[in-house]
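Chain order of the listed sequences is A and B. In this text, residue positions in the first sequence follow UniProt numbering: the first is 1, and each later residue adds one. In this text, residue positions in the second sequence follow UniProt numbering: the first is 1, and each later residue adds one.
Heads up, a few of these hints could be off.
Said to hold, decoys possible - Facing chain B, from chain A, some residues (calculated, C-beta under 8 Å): (1) 73; (2) 79; (3) 80; (4) 83; (5) 86; (6) 96; (7) 99; (8) 103; (9) 107; (10) 173; (11) 213.
Claimed, not checked - Distance condition first, Cα-Cα at most 25 Å in a straight line; then the derived BS3-like pairs of lysine-lysine: (12) B/136 with A/60; (13) B/136 with A/98; (14) B/81 with A/98; (15) A/111 with B/81; (16) B/64 with A/106; (17) A/111 with B/64; (18) A/111 with B/55; (19) A/69 with B/136; (20) A/150 with B/136; (21) B/64 with B/31; (22) B/55 with A/106; (23) A/106 with B/184.
As the list claims (entries may be wrong) - Quick list of simulated restraints, FRET-style, between CB atoms: (24) B/53 with A/50: 49 to 57 Å; (25) B/127 with A/225: 16 to 24 Å; (26) A/58 with B/146: 44 to 52 Å; (27) B/143 with A/89: 29 to 37 Å; (28) B/190 with A/206: 51 to 59 Å; (29) B/177 with A/93: 29 to 37 Å; (30) B/45 with A/45: 43 to 51 Å; (31) B/126 with A/93: 41 to 49 Å.
For the record, the hints were derived by calculation from the structure and aren't laboratory data. Yeah, the Cβ is synthetic: ideal placement off N, Cα and C, and Gly gets one too.
Take a look at the letters that make up each chain.
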Amino acid sequence: MDEMKYSMAEEIKVFRSWSSPFALRIIWALKLKGVEFDTIYEDLTNKSPLLLQYNPIHKKVPVLVHNGKVICESLVILEYIDETWKQNPLLPEDPHQKANARFWAKFGDDKVMQSIGGGVLLKEGKEQEEGFAASMEDLKYLEEEIRGKKFFGGETIGLADIALGWLAHYLDIFEEIVGLKLIDQEKFPSLAAWKQEFTNAPIIRENWPDRDKLVTKFAAMREANLGKGTPK
Amino acid sequence: MAAGEQVTLLDSWASSFGMRVRIALAEKGVKYEYIEQDLWNKSGLLLQMNPVHKKIPVLVHNGKPVCESLVIVQYIDEVWKDKAPLLPSDPYQRAQSRFWADFVDRKIYEHGRMILTTKVEDQEAAAKKDFIDTLKLMEGELGDKPYFGGETLGYVDVALLPYCCWFYTYENILNFSLEADCPKLNAYCKRCLQKESVSKSLEDPKKIYDFALMLRKKLGVE
């Protein structure tokens, strides 16, 4: 019997919410690689059965579905995208440089997001002061890492830029809401320059969620968190 | 090991994160120098090699440090790629491995940390159920395979196996039996401990328990 060879049309779906910075990473990565995809917007207060079927463990966005194969967790998805579509690589070839990129991506999620998102945005008083102090430490390390480079990935946007990229847009919004300056031009000149570079980069600049909507959303999130009773 | 290769591991004997790196290096047959770190009196070398986190494990390869246990394991897999591959070659399978290793990091590590730092009388029934449910999810993922990696040890095995010597501690504090509640996982641990790369990398569960009790006394929860 003759084997029919045919090329299957690629089917790529991204489950996201309009505001999730994690989901934005996937949008950026696919667009930077020129990969076409369908977007499914989720209302995270009313998750679709399909999302819960695709991500039963974490029940979160983003989820990537590629020809029926489901991948969850943004950093896992990013590596999958980089390995599947090899144009405009997000990770370098050299294992040590690769490890470095992964280290800073993880640092962003484990530390920076906690100190800034958890500590500064969602807290007040002494807890916020502690969050602010922690974020200053974290940003200092990022400042040292980015110094002398256009992007964390070097000349082009890499995995760490995509993982940390939320800082370039969301941070201004958080700063406005809490009335505190985090990435001060004088304190963190290299990081401030990177913010500008990244936020205005092609693809990135066309995909930021609406600023005013984000302000409303995160201000409400802060209020809700503060109204939850006495902090521990 | 190629001539001129210098591989050093900064580690602490009881660390489940350090054990991951030990297993990976053993699987690959990499010769290395192990330097035990005193985490209450951190060495200049540790602070120099991991200035951001000041934590172990740190792998130093030809003078260049790599930090964060799963980042290190992937590095080892990429550098010593000709022997015992830990991650599969197919991108989707790799994604699945990364997902489950991340799950171990987030869920099992978090549960373990809670158990370790909570008084016995404050350990809630709900938390115990959650922990066992999490372990059952791992059992589900293992299925009928001998290892998470299939026929050979893989990335997820390396992430999870150090907990095999910590389960005795959790059983004692939380008052449950892995054999009774998660027999498949229990059998998996026993099976893996028959491999030299695992048994030589893990510590005696009773020594770990003594260490945990000492930690708990220090924290005022024992």
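Here is how each hint holds up against the structure:
1. 73: holds (6 Å)
2. 79: Holds, about 6 Å.
3. 80: holds (4 Å)
4. 83: holds (4 Å)
5. 86: violated (10 Å)
6. 96: Nearest chain B Cβ about 5 Å off; hint holds.
7. 99: holds (4 Å)
8. 103: At 5 Å from the nearest chain B Cβ, residue 103 of chain A passes the 8 Å test, so the hint holds.
9. 107: This interface hint holds because 7 Å falls under the 8 Å limit.
10. 173: violated (26 Å)
11. 213: violated (29 Å)
12. B/136 with A/60: holds (21 Å)
13. B/136 with A/98: The hint is violated at about 33 Å.
14. B/81 with A/98: Holds: residue 81 of chain B and residue 98 of chain A sit about 15 Å apart, inside 25 Å.
15. A/111 with B/81: violated (31 Å)
16. B/64 with A/106: The given pair, whose Cα atoms are some 19 Å apart, holds under the 25 Å limit.
17. A/111 with B/64: Status holds; Cα separation ~23 Å.
18. A/111 with B/55: holds (14 Å)
19. A/69 with B/136: holds (24 Å)
20. A/150 with B/136: violated (46 Å)
21. B/64 with B/31: Holds. Residue 64 of chain B to residue 31 of chain B sits at ~16 Å (cutoff 25 Å).
22. B/55 with A/106: holds (15 Å)
23. A/106 with B/184: Violated: residue 106 of chain A and residue 184 of chain B sit about 32 Å apart, past 25 Å.
24. B/53 with A/50: 49 to 57 Å: Given a distance of about 38 Å, which is not inside 49 to 57 Å, the answer is violated.
25. B/127 with A/225: 16 to 24 Å: Taking Cβ atoms as reference, residue 127 of chain B and residue 225 of chain A lie about 23 Å apart, which means the hint holds.
26. A/58 with B/146: 44 to 52 Å: violated (27 Å)
27. B/143 with A/89: 29 to 37 Å: holds (34 Å)
28. B/190 with A/206: 51 to 59 Å: The hint (51 to 59 Å, Cβ to Cβ) holds, given that residue 190 of chain B and residue 206 of chain A are roughly 55 Å apart.
29. B/177 with A/93: 29 to 37 Å: Taking Cβ atoms as reference, residue 177 of chain B and residue 93 of chain A lie about 48 Å apart, which means the hint is violated.
30. B/45 with A/45: 43 to 51 Å: holds (50 Å)
31. B/126 with A/93: 41 to 49 Å: For residue 126 of chain B and residue 93 of chain A the Cβ distance comes to about 47 Å; the hint holds.
Going down the numbered hints, you'll see the structure goes against 5, 10, 11, 13, 15, 20, 23, 24, 26, 29, while the others check out.
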